Amino acid sequence: MTYGNRLRVTSAAAALVLLLAFGLAFFAAGIEADQGFSQKIFYVHVPLAIVALGGFVFGGVMAVQHLRTGDARYDLRSYVAIHIAIVLGVGALITGAIWAKAAWGVWFEWREPTLVSFLIVFLLYCTYQPMRFSIEDPDKQGRYASVFAITAGAFVPLNFLAVRLADPYIHPRVLNQGGGDLPASFRPPFYLALVGMTLLFAALYQYELSHKHSRAQLRQLRRKLGGEVEATGRSAAPQVTGA
Amino acid sequence: MSTVLTLLRKELLLERRVPQLVPAMSLFGVTTFVVFHFALGQRTVEGDLAAGILVVTLLFATILGVNRLYVADREEGGFDAFLLAPVDRTALGVAKAVTLFAFLVLVELVMLPAFAILLLGPGMDLEVVAKLGVVLLLVNLGLSVIGTLVGALAIQTRARDLIGPLIALPLLVPVVIGAARALSPVLSEGGAGALEGRWLGVLGLYDLVFGLLAYALFDFLLED
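Protein chains in written order, with my numbering: chain Z, 1 to 243; chain P, 1 to 224.
Any given hint might turn out to be false.
[To be verified] Ranges of calculated distance between the beta carbons of each label pair, as one might list FRET restraints:
(1) Pro19(P) x Pro130(Z): 25 to 35 Å
(2) Trp104(Z) x Leu205(P): 44 to 54 Å
(3) Leu205(P) x Val61(Z): 13 to 23 Å
[As the list claims (entries may be wrong)] With the Cβ distance kept under 10 Å, some of the chain P side facing chain Z (calculated, not the full set):
(4) Val105
(5) Leu153
(6) Pro174
(7) Leu213
(8) Phe220
Calculated directly from the structure, the hints in this document are not laboratory data.
Model, not experiment: these values are computed from the prediction.
Positions of the beta carbon are idealized from the N, C-alpha and C atoms, including for glycine.
Please model the entire structure based on the sequences and the hints provided.
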């Protein structure tokens with residue numbers, strides 16, 4: 001598997017686009033009238049959250065592929081996508097809390113459906129790893145994890161609908177009604193940041209995949225040479241058998 | 001279809017001969033009302049609070065039941081026997097969902113009068129009961145679909161009593177939202193308010209989506 005070359009390109013692109021986006025955000029985009037400078041966290045927080053949700057759904061799509069084909073590689077992709085999305089989700093929750101504190105004076109705002117839905121989705125996905133850990137048989141583990149990933153993937157939009165209906169919102173809408181409430185000078189850095197964050201997700205995704213593959217290859221080579229094969233340690237990641 | 005009926009008869013017969021889930025869930029529900037009385041320090045509740053208490057109690061009682069739903073099949077070899085039979089595997093899922101639905105109805109027949117006597121401020125006339133029935137019908141559907149799916153998932157894990165509730169709780173949040181918001185005007189002081197269509201819509205959509213999903217996915221939880 002030659003993830004190496006693609007990995008280099010995606011990482012460089014992610015770094016470049018994110019730098020450009022944050023550069024624009026700081027120097028070209030206007031200062032928001034109400035919140036002032038603290039609004040700049042928006043260019044990190046919103047892309048993080050959107051990409052994390054996208055990663056969850058992507059993990060669900062890979063899980064559908066896994067159940068349809070029975071190919072364990074799709075299980076690995078689903079696992080890696082959800083894993084990275086959880087990491088980005090932690091980032092989104094932390095930046096969201098900081099922003100909420102700066103803008104509304106509280107760390108968490110229950111009247112804010114987008115934040116609440118995100119927390120619920122995040123809590124649900126937090127059970128993904130423990131669930132994998134508690135099933136020993138690798139085949140069964142993969143299958144059950146895929147069932148979970150599909151159910152949870154379908155849950156993401158439904159949950160947002162229910163929570164949004166439940167409360168009048170105060171969160172600025174960003175991606176609906178043709179650009180939402182976003183002023184013109186905020187748009188280029190925001191969309192760039194979104195693209196950059198997606199590239200960052202792709203880079204991390206490829207990085208973890210190539211790590212898993214090269215470790216499997218290394219183990220295989222070691223075994224071939226008759227050397228010591230180190231124990232895998234505690235991991236619920238799907239095991240790849242060489243490439 | 002006949003497989004579903006056979007399995008359903010087995011489940012109901014089992015519960016009738018050795019009542020386990022329905023009494024446990026009902027008792028849990030009534031006890032939880034007592035706990036709520038002391039925890040909140042209120043003699044009667046109405047509106048938001050009443051709807052919330054009712055829905056949360058039902059939710060926890062369901063989770064209690066879901067934890068035990070497959071235990072007999074797992075420990076007494078019911079799964080193995082079923083897998084040996086040349087029948088559609090989804091039938092077991094459908095039968096379990098219908099069983100859970102029926103149990104929930106029975107549990108509510110105990111819980112609702114207890115709730116009306118112990119905690120509810122406004123009286124419970126026929127109109128309130130009818131509206132409660134409509135909402136609880138949709139709630140029970142959602143609870144039994146998710147309970148069937150999550151229960152089947154959790155029973156195969158090492159820490160099944162742990163994993164089941166952890167997955168089920170966040171998954172059922174939309175049901176809690178829909179049910180609590182729909183019931184809040186119904187249980188408010190000064191006469192039953194109208195049911196809002198959008199909450200019934202949310203519940204219905206939830207039931208539909210997860211019903212189809214569970215139907216499609218249940219197969220994969222049994223293969224062995």
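Against the structure, the hints:
no., hint, in the structure
1, Pro19(P) x Pro130(Z): 25 to 35 Å, "holds, 33 Å"
2, Trp104(Z) x Leu205(P): 44 to 54 Å, "violated, 31 Å"
3, Leu205(P) x Val61(Z): 13 to 23 Å, "holds, 21 Å"
4, Val105, "violated, 24 Å"
5, Leu153, "holds, 6 Å"
6, Pro174, "holds, 4 Å"
7, Leu213, "holds, 6 Å"
8, Phe220, "holds, 5 Å"
Hints 2 and 4 from the earlier list are contradicted by this structure; the remaining hints agree with it.
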